[in-house]
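Novice: The primary structure of each chain is shown beneath.
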Amino acid sequence: DGGITQSPKYLFRKEGQNVTLSCEQNLNHDAMYWYRQDPGQGLRLIYYSQIVNDFQKGDIAEGYSVSREKKESFPLTVTSAQKNPTAFYLCASSPTGGGSSYYEQYFGPGTRLTVT
Amino acid sequence: SQQGEEDPQALSIQEGENATMNCSYKTSINNLQWYRQNSGRGLVHLILIRSNEREKHSGRLRVTLDTSKKSSSLLITASRAADTASYFCATDASRQNFVFGPGTRLSVLP
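Going down the list, the sequences are from chains A and B. First residue of the first sequence: 22, per my numbering; consecutive thereafter. First residue of the second sequence: 623, per my numbering; consecutive thereafter.
Be careful, since some hints might not be right.
[Claimed, not checked] With a cut-off of at most 20 Å between alpha-carbon atoms, the simulated SDA-like pairs for lysine to any residue come out as follows: (1) B:648 x A:43; (2) B:678 x A:125; (3) A:30 x B:662; (4) A:91 x A:51; (5) A:30 x B:663; (6) A:30 x B:678.
Hints listed in this document are in silico derivations from the structure and should not be mistaken for laboratory results.
Isolated chain A, as found in the complex (with noise of 0.2 Å):
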């Protein structure tokens, strides 16, 4: 059964803590992305990875931490100098070559983190 998961569901935290938010994907894609949603509103990228031990900044890193040690797995770490970091969080993936804005990205069903 091949896809993306995240975990977990829903998570809580208090102000001032880092949380890890986990995604694995079995689909052998090369690139990685984690999204930010806020309510009514699209999606914005916070960062990718086109590569194992490679990523980079989208449009809203600030506050955010990645790694990509292994191609399966792009953890996303929320620390506590994100300002405002209660959203849901949306992992994806894409084939590459070519250029990977040529192919479909996979999504997880997401995090909702709540912070208080």
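Given the structure of chain A, go ahead and fit chain B onto it with the hints provided.
Specialist: For chain B alone, coordinates are given in the frame of chain A:
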């Protein structure tokens, strides 16, 4: 402002009617994609149209692309209650990633 913006923001129709939503973008693109998102879920890819294509079909979906007007439309024919979702267009800001618009919320009433 966003690279891709959908219009209208929200749309309510009766089951069986057609639904049309539009996407406008600002800079040249290589391709444009449409995605669907059911409430509280991840996005699902619907269709990709390349910049040298003008129209594409997939089941009850029809997508058009007008690069001279920098716009695309998604038509869902004979809508069903299960089509209720948010629909997003995504344009390739570069060859490496996408920019998503704010979406159109479609409600199909039984």
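Novice: Each hint needs a verdict: does it hold in this structure or not?
Specialist: Verification of the supplied hints:
no.	hint	result
1	B:648 x A:43	violated, 34 Å
2	B:678 x A:125	holds, 15 Å
3	A:30 x B:662	holds, 10 Å
4	A:91 x A:51	holds, 10 Å
5	A:30 x B:663	holds, 10 Å
6	A:30 x B:678	violated, 35 Å
The structure fails hints 1, 6 (numbered hints given earlier, in ascending order).
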